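Starting from the structure of chain A, add chains B and C where the hints point.
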Amino acid sequence: MTSAPDTTIPRSAPSPAPGSGAVVALEHVTKRYGDAPPAVDDLSLTINAGEICVLVGPSGCGKTTTMKMINRLIEPTSGRITIDGEDVARLPAVELRRRIGYVIQQVGLFPHMTVTDNVAVVPRLLRWPAARIRERVDELLELVGLDPAAYAGRYPAALSGGERQRIGVARALAADPPVMLMDEPFGAVDPIRRERLQNEFLRLQAQVRKTVVFVTHDVDEAIKMADRIAILQRGGVLAQYDTPDAILAHPASEFVEHFVGADRGLKRLSLGRVRDLPLQQPAIVRVGERGAEALPKIAASADGHALVIDDADRPLGWIDAGDVAPDAVVTEEAATPGSPPLQPETTLRDALSAMLLSSVQLGVVVDGHDRVLGVVSVDAISDALRAPVDASRASIDGAGDGQAEASVP
Amino acid sequence: MREGQPFFRVDWVIENADVLARRIGEQLFITGIAIVIGFLLSFAVALLVRRYPRLYGPVLGATGLFYSIPSIALFVLLIPITGLSLLTAEIALVGYAMVILVRNIVTALRTVPPEVLEAADGMGYTASQRLWRVELPIAVPIIVAGLRIATVTIMGLVTIATLIGMGGLGYLIVNIGISQRFPTATLVGVTLVVVLSVIIDAALLFGQRRLTPWSAARGA
Amino acid sequence: MIEFLGEVLAWYTDPAQWTGRDTLPQLIFGQVLLAAASLAVAMAIAVPIGLYIGHTGRGAGVAVAMSNIGRAIPSLGWLGIVYPITTALLQRTGHGFLPGLIALVALGIPPIVTNTYAGLREVDRDLQEAGRGVGMSEMQLLTRVEVPVALPVLLAGIRSSAVAIMATAPLMSIVGADTLGTYILAGLDLSDEVQVFAAALLVVVLALLTEVAFALLERRLTSPGLAGPAAGPTLPQRVFGDAPARDPAA
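Going down the list, the sequences are from chains A, B and C.
Mind the numbering: the first sequence is residues 1 to 409 in my numbering, read in order.
Mind the numbering: the second sequence is residues 1001 to 1220 in my numbering, read in order.
Mind the numbering: the third sequence is residues 2001 to 2250 in my numbering, read in order.
Just so you know, the hints here were simulated from the structure itself, not pulled from any lab data.
Quick caveat, the model's predicted, so the values are computed rather than measured.
Think of the CB as a built atom: it goes at the ideal place given N, C-alpha and C, for glycine as much as any other residue.
It cannot be assumed that every hint is accurate.
Unchecked claim - Derived, one-sided and incomplete: chain C residues facing chain B with beta-carbon distance under 8 Å:
#1 P2084
#2 L2098
#3 P2170
#4 I2184
Said to hold, decoys possible - Covered stretches of chain C (in silico footprint by chain B; criterion: 3 or more residues with CB under 8 Å from a CB of chain B, positions within the stretch not fixed):
#5 2011-2025
#6 2029-2039
#7 2072-2080
#8 2102-2108
Unchecked claim - Over the 12 Å line for every Cβ pair with chain A, so calculated as not near, a few chain B residues:
#9 S1085
#10 L1117
#11 M1123
Bound conformation, chain A alone (with noise of 0.2 Å):
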């Protein structure tokens, strides 16, 4: 088994050196609107440079607000807001805000501008020369996985709703800011189109090492997503800040405990990754491929299956020897789907839920062009649950300095 490099971040990382993030410190930050109950109330919160910390709670407990505070969207009642130390107040507000990158949940990119022009916003609010910008478009373009060539003067209008999201971030990143704000990002996708995005989203953070900070309100993708989860109560009282791990480990009160539901054993499934497991090669078999060919390798595998892989490698489904006559070519449609493919960083709960959805209780595994890499099976799992939790956590910790892809047998 070789080692299989994540081809969908170019090698070639066009982003500035890893730690290119800033430290977020949030001191007795209350926010209120008129006599009512404080929105924010007195909150205090240090985010690590090149951390992702999930701001994440029920309605009404401020997650926006705070997050919208640090950008000078809404300005805090009382409090100070610093990055690197520098107080944001001080800053005209406009000047901040083009510092910092922005992504919402329904997106709002520019219906009357290309996919450039959007991309190109800030650095144009910027001044940078012409030529800097057109070059930063299409490192970013390529970077969130879309072809310049192909999408570079399409229309939002003209774009699928991932597709936009990835604009989005795009966008956010263009002037390389060292925070990034996120607002419910992925809430507007399907689930799985989510995963994707999110795992995407991984990839790209373990390349730029922005210090990011997410709202979202479900807390399966804030113990995906976070280093640090920030966990808010009504009325914008901070119950507990910490890591995920150590969250469901030892919850501090009553309210998180509440929150994070009644599965958190379940849950510390959430913490370890698809590219912790062992991973195998099973049988494959082409489209195309001769019946006398394909059954010698359906034998010779351990449980009486291959996998059928297309042209391009990616998967296709099962097949097992009744499926295939010795003078006959292999087609799609003698395969049998399997469960949706998996990708390294997809955990360890969602990988188990797919996997018991298939017949053959293997997980395919592929990378971000769908290529397959592999197979991971449920027994792997059930091995991973007996390794100590806080192991597989350490390993996901070190993703972002190259050791992602060593993890990965």
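Chains B and C alone, transformed into the frame defined by chain A:
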């Protein structure tokens, strides 16, 4: 109709081509002034309303009141003050144009999706950059739709202005066609009004499509 | 200015306006009669067309096309087209009232058609199904379910039409109809600013009275169950003079 005369006399049209051209010129001149000034004033009022939303009710009320004055009455009620002049006609016409355009521009600006505004603020556009680079471009299709309605409306109203001596195509319809019982002039006048309206309408639509290529991508 | 208004006031009480030919009562009555007759004919033509289009969903394109034509041809245009035809066919009777009526009918039809059609289209499909489900005939469905529900929008269309007709009626004096326009045209000819102004004020009053009367009528006729903000277009969308009705189908 005078006895023994054909209903439509092509020879008259040909002989009087220069007269017709002058009447067309008058019609377009009066209409053009009303639309340009009406649009500029409406735009200013709409920006004011955008800034101070509380003004919207009173502004709508005032333009609505204006609209409920029959056009013939409005043209002549101002005569004691401004006389039988182009100014009298234009005050009435600009007023009617504003009734349509103020509401239209305000509505157009309000159709910009809130998430687009939020994104624009989040990107660091200043208030005026946001207006000129984001809100107005997005509002263009609706604003042009309003301009199209206003232009066709004003074209029709200008024909009435012949009653206060403004000429234009109304002169052909009323002063020659009806008063002198010469249907040829009426038919030519009406046809020209309709044809000019259609041409201007098509030109505005074409201009809008050119200006907003992105709106065609919608639903693609 | 005060002096001028005094003269206007004096004009109203001048016996010249109350005796002989073309008296105030005669011209006001003439204008109201012309407008009422035009509205009646316009409704008789437009309501059935609108009901047919709205009920069957067929011919919606016709409705839109009609409103566009109504928009492009000014009422003076209708008058100019009709007048030579009526005078050629009917000589003396072809003057005044008849061409005026035809021109005003042409002006009044589009808003009624489009609003009737739009009103019916807004009726819930479920409501139609429910009506058919309890065994109503198509005609019963139309008169007992669809029309009552669509009534506010339909009435708004009739009001638009009525006000437009009343506001435009004075123009029909150009072809000799008895309306307040007779005073205005004569006054313009004689440079009698007082008469022009006095008559124009009355034209405004008649238009506003029509507006108010139909608004009250709408309120009386609307089923209380339908009371809500949706009852028809607001001010600038209505038709006055030559201004076009906003096409509710657009």
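Comparing the hints with the structure gives:
1. P2084: 3 Å, holds
2. L2098: 14 Å, violated
3. P2170: Hint holds; P2170 of chain C Cβ to chain B Cβ min 5 Å, cut 8 Å.
4. I2184: 6 Å, holds
5. 2011-2025: violated (count 0)
6. 2029-2039: violated (count 0)
7. 2072-2080: The restraint on the region 2072-2080 of chain C holds, since 8 of its residues have a Cβ under 8 Å from chain B and three suffice.
8. 2102-2108: With 0 residues close enough to chain B, the hint is violated.
9. S1085: Its Cβ never comes within 12 Å of chain A, the nearest being 42 Å, so this holds.
10. L1117: 8 Å, violated
11. M1123: M1123 of chain B not clear of chain A: closest Cβ-Cβ about 5 Å, inside 12 Å.
Hint compliance for this structure: hints 2, 5, 6, 8, 10, 11 are broken, all remaining hints hold.
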